[in-house]
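Colleague: Produce the entire structure from the sequences given, and follow the hints as far as they go.
Listed here are the chains, written in short residue letters.
There are 2 protein chains.
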Amino acid sequence: MRHMSILVVGSVAFDTLTTPTGHRDKVLGGAATHFALAASFFTPVRVVGVVGKDFGPRQQSVFTSKDIDIAGIEHADGLSFHWTGSYEGTMAEAKTLGTDLNVFGTFAPKIPASYSDSDYLFLANIDPVLQLQVRQQMPNVKLVAGDTMNYWINDHRGNLDKVLAELDILIINDTEARLLSGEHNLVAASKKVMALGPKSLVIKHGEYGATAFFSAASFPDLGEVPKPFRAPALPIEQVVDPTGAGDSFAGGFYGYIASQSALTPAVFKTALFYGGVMGSFAVEQFGTERLQHTSRTEINERFQSFRELSHLDA
Amino acid sequence: MRHMSILVVGSVAFDTLTTPTGHRDKVLGGAATHFALAASFFTPVRVVGVVGKDFGPRQQSVFTSKDIDIAGIEHADGLSFHWTGSYEGTMAEAKTLGTDLNVFGTFAPKIPASYSDSDYLFLANIDPVLQLQVRQQMPNVKLVAGDTMNYWINDHRGNLDKVLAELDILIINDTEARLLSGEHNLVAASKKVMALGPKSLVIKHGEYGATAFFSAASFPDLGEVPKPFRAPALPIEQVVDPTGAGDSFAGGFYGYIASQSALTPAVFKTALFYGGVMGSFAVEQFGTERLQHTSRTEINERFQSFRELSHLDA
Chain F
800 MRHMSILVVG SVAFDTLTTP TGHRDKVLGG AATHFALAAS FFTPVRVVGV VGKDFGPRQQ
860 SVFTSKDIDI AGIEHADGLS FHWTGSYEGT MAEAKTLGTD LNVFGTFAPK IPASYSDSDY
920 LFLANIDPVL QLQVRQQMPN VKLVAGDTMN YWINDHRGNL DKVLAELDIL IINDTEARLL
980 SGEHNLVAAS KKVMALGPKS LVIKHGEYGA TAFFSAASFP DLGEVPKPFR APALPIEQVV
1040 DPTGAGDSFA GGFYGYIASQ SALTPAVFKT ALFYGGVMGS FAVEQFGTER LQHTSRTEIN
1100 ERFQSFRELS HLDA
Chain A
800 MRHMSILVVG SVAFDTLTTP TGHRDKVLGG AATHFALAAS FFTPVRVVGV VGKDFGPRQQ
860 SVFTSKDIDI AGIEHADGLS FHWTGSYEGT MAEAKTLGTD LNVFGTFAPK IPASYSDSDY
920 LFLANIDPVL QLQVRQQMPN VKLVAGDTMN YWINDHRGNL DKVLAELDIL IINDTEARLL
980 SGEHNLVAAS KKVMALGPKS LVIKHGEYGA TAFFSAASFP DLGEVPKPFR APALPIEQVV
1040 DPTGAGDSFA GGFYGYIASQ SALTPAVFKT ALFYGGVMGS FAVEQFGTER LQHTSRTEIN
1100 ERFQSFRELS HLDA
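Order-wise, the sequence lines are chains F and A.
Residue 1099 in the numbering used here sits at position 300 of the first sequence; the count goes up by one each step and never skips.
Residue 874 in the numbering used here sits at position 75 of the second sequence; the count goes up by one each step and never skips.
There's no promise every hint is true.
It does not matter which identical chain is meant; a pair holds if it fits inside one copy or across any two.
Said to hold, decoys possible - List time: in silico EDC-like cross-link candidates among lysine to aspartate or glutamate, alpha-carbon distance up to 20 Å:
| id | residue 1 | residue 2 |
| --- | --- | --- |
| 1 | 1026 | 965 |
| 2 | 852 | 916 |
| 3 | 825 | 1097 |
| 4 | 894 | 1107 |
| 5 | 1026 | 1083 |
| 6 | 1068 | 1107 |
If you're looking for bench data, these hints aren't it; they were derived computationally from the structure.
None of the values given here were measured: they were computed from a predicted structure.
Modeller: This is the structure in structure tokens:
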């Protein structure tokens, strides 16, 4: 079976990170980076993004040592996007200390001809205008999934609504689902969010796992709407760095989907478990360190741990 | 197989409740009441508590129409314990508007001779001094489980520590686990809490389910410490009244355990699911209304829903 390629558009960046466990200066990061690394264990990935002069052979090899095509990463004059953030105490929320957009500020996504047969599109968390530009250049993909965040929900709602109308699957967290819907109850929120366009919705609950919500459009051939499905997150004693956990979740989830011949409810549910698995690795070390050094064997073992964690008859 | 009886000590009370969905004056409530109703679907229950003149045949029949023995409910002069509370917005937390201890203020638990062969003891959320008095009167029970709350953790820690040392299983929520341990991370918190005495710990996460943590003393014959286990909570669109959800969870959990011939990891995990099932019913109507009108068939159906919600191959 040919594994289908995922095209992901999003940030490729450097992160300066401080957490209760330590500090790192300008390590490779960005939503597209974390997503691509996590997804690459399941299916080939193609990245669309922009970097500056500070993105050299060492950073390139993080991608090219995996099955990740970076022909779509544009090299521009100037420096790469640089995010400075810290996490304190519970690490529940990142505190942004600095956002240097640099070359990302004037980014206009261009899709290489070699990417045009991609079947799966992932619109990582960037300006919805850019998400839409990429979607419009890829009208024939088989499935479109995406992410967003509070900033776009609050201040760019008109553009975001155009993206939401294009999505088969939206992957957001509790706070974003509540903000987007105006509903605190997550079941009520899921209905309002899916009414905005996404056929299916994955709501991430951080350390408590994630829930998938479905609509009649999720599996139109099925003749019924599957009930919600919950996947656990692994209880972890020592979170080193939560940066990129959500993108890694999305990469594991969507990578698994793209590796399967068709999107069925069973595939969707298994994908949620792989999302949790990749998110659980991501937080164990700073930046992309842990995902760079995992293996499919280790992923399979952790998948089994997730099953034992949640299944009565595992 | 003889079903083993649970002896529960705790409040039998009247609750005056206001939630976003409505208001009820002086409906039957109390931790022991919710616990007993939920557990009675699995095993016989015996209640130790105190009520006043306002507890009449109508209230009695709520217990006696199920397999609940109320010989241990003392009738005292005065009025029953009366709690007035409200829930707003998200209903995440109860706001206490009034606590009239009434006859509960001078309660000294006395255990009827007919209860002395009870094999399972549940110390519901009351003054740890009372919990300890009951424990001391029942030295030969097979298993002891209990609950507590912020007030006892903050202001009665010395007495509470004596109770914790007696427990096979402690059932508390995220906030209580963090407060009791001084640790935010729940894995770290679980270790510190179990070091205080409880052999096993169930931490409830509200709408996100519950996690069981184990120690070497949980199943001493097993020769290993089972990894944590997570059970989901049902996504519910309309919570009518959260009062008693935690007690109903404990009742379903412990009732199922008492109905089985031995406490194994598999029984413990299945019990967590039944806890979630009974909690999910409890919130659907005010007070004890929903638990009064459910059936074992309905419970079995909902157990299956919990399985489908969380199992890849349900």
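Colleague: One pair to classify: residue 852 and residue 916, alpha carbons no more than 20 Å apart. Within, between, both, or neither?
Modeller: Neither way: residue 852 and residue 916 sit 29 Å apart in one copy and 78 Å across, limit 20 Å.
Colleague: Pop the pair residue 1026 and residue 1083 into one bin, within, between, both or neither, using alpha-carbon distances up to 20 Å.
Modeller: between (32 Å within a copy, 19 Å between copies)
Colleague: At most 20 Å between CA atoms: does that hold for residue 1068 and residue 1107 within a copy, between copies, both, or neither?
Modeller: both (15 Å within a copy, 11 Å between copies)
Colleague: Using 20 Å as the alpha-carbon threshold, which applies to residue 1026 and residue 965: within, between, both, or neither?
Modeller: Classified as neither; 23 Å inside a copy, 42 Å across copies.
Colleague: I want to check one pair: residue 825 and residue 1097. Are their C-alpha atoms no more than 20 Å apart within a copy, between two copies, both, or neither?
Modeller: neither (28 Å within a copy, 56 Å between copies)
Colleague: Is it within, between, both or neither when you check residue 894 against residue 1107 at 20 Å Cα-Cα?
Modeller: Classified as neither: same-chain Cα gap 35 Å, cross-chain 38 Å, threshold 20 Å.
Hints 1, 2, 3 and 4 from the list above are not met by this structure, while the remaining hints are.
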